[in-house]
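Asks: End of the sequence shown sits at 272 in the working numbering; the numbers just go up one at a time, nothing left out.
Some hints here could point you the wrong way.
[What the hints assert, rightly or not] Below, a list of computed lysine-lysine pairs in the DSS-like style, where the Cα atoms sit at most 30 Å apart: (1) LYS267 to LYS4; (2) LYS78 to LYS16; (3) LYS75 to LYS250; (4) LYS43 to LYS16; (5) LYS187 to LYS78; (6) LYS251 to LYS236; (7) LYS251 to LYS54; (8) LYS16 to LYS54; (9) LYS251 to LYS229; (10) LYS16 to LYS251; (11) LYS43 to LYS83; (12) LYS54 to LYS187; (13) LYS75 to LYS214; (14) LYS9 to LYS78; (15) LYS9 to LYS267; (16) LYS54 to LYS222; (17) LYS229 to LYS75.
[Unchecked claim] Across the chosen pairs, the derived CB separations fall in these ranges: (18) LYS187 to VAL207: 17 to 25 Å; (19) VAL207 to GLY39: 23 to 31 Å; (20) ASN226 to TYR199: 34 to 42 Å; (21) LEU248 to THR152: 54 to 62 Å.
FYI, nobody ran anything at the bench for these hints, they're computed from the structure.
From the three backbone atoms N, C-alpha and C, an ideal C-beta is built for every residue, glycine too.
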Amino acid sequence: NDLKPTLYKHILEIAKRNGVSDNYHLLFLYEPNSSIEQGMVDKIYNAIPDSNDKPILLLIHNHGGRVEPAYLISKTCKELSPKFVVTIPRKAKSAATLISLGGTEIHMGPMSELGPIDPQFAGLPALGISSSLESIAKIVCKFPESSEMFATFLKEKLDLRILGYFERVSESAQQYAIRLLTGKELKHSVEEVAHKLVYEYKDHSFVIDKEEAKNLLGDMVKVNTNEYKFGNEIHKFLNEVNIIIGILNKKSLAIVGSVRDFIISDKNKEDN
1 NDLKPTLYKH ILEIAKRNGV SDNYHLLFLY EPNSSIEQGM VDKIYNAIPD SNDKPILLLI
61 HNHGGRVEPA YLISKTCKEL SPKFVVTIPR KAKSAATLIS LGGTEIHMGP MSELGPIDPQ
121 FAGLPALGIS SSLESIAKIV CKFPESSEMF ATFLKEKLDL RILGYFERVS ESAQQYAIRL
181 LTGKELKHSV EEVAHKLVYE YKDHSFVIDK EEAKNLLGDM VKVNTNEYKF GNEIHKFLNE
241 VNIIIGILNK KSLAIVGSVR DFIISDKNKE DN
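Sequences are here, hints too, so could you generate the full structure?
Replies: In structure tokens form, the structure reads like this:
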């Protein structure tokens, strides 16, 4: 806590050095350890000044979470600024990718990652059940004598209500992506891009790098800009801070909201 003023001052120096402090209102979703949830919406919203007339630059480093708050974060940043810009120094996966789709620009570099918008439940993909059923169907077609065994197993283990719910959540993620992309000039149709991000990548951890992102999203994606360099320098600084306080104090540092909105958490609790 004693270091917070020093951290704040150094982050502002990085912003000034990279030419973004005067041009943008800076927001952060730098939370590598926790998932996106409803509380983050309020933190982002409260960090935007009334009658904001500056473009928003949102730095994202997050592995994803719930799609509903992610959509609200993106929508809020779009509505409360003349221009919404995203910088991704490392990872903006799943629901964090959804946030990025609302941006006018997405700034990336060699280490930047977007990812499939793949809602998770207890660490498992929502589309995993339907994929498993497809695999079982292929096995039964190949070995018809196994059909009775699988039928008995599925009858005992599978709740069709859960299957339907998981499918609807994935459809909702696609609808949110379409809403955020509508009006943007892309190489492919908005519906095609949204469908690909939700349904066509087979692994939750699939790396959508700057080249893949540019192919999907066209000129929305900007590469190796000052905005990216700002995000990259912030990440390197905060990563070093986290290594030090993790070793010395078993703590971790995140920023959600304004440049002053530091979150210090117990690293042991997160590991458990």
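Asks: Just pull the numbers of the violated hints for me, sorted ascending.
Replies: Hints 3 and 7 not satisfied by this model.
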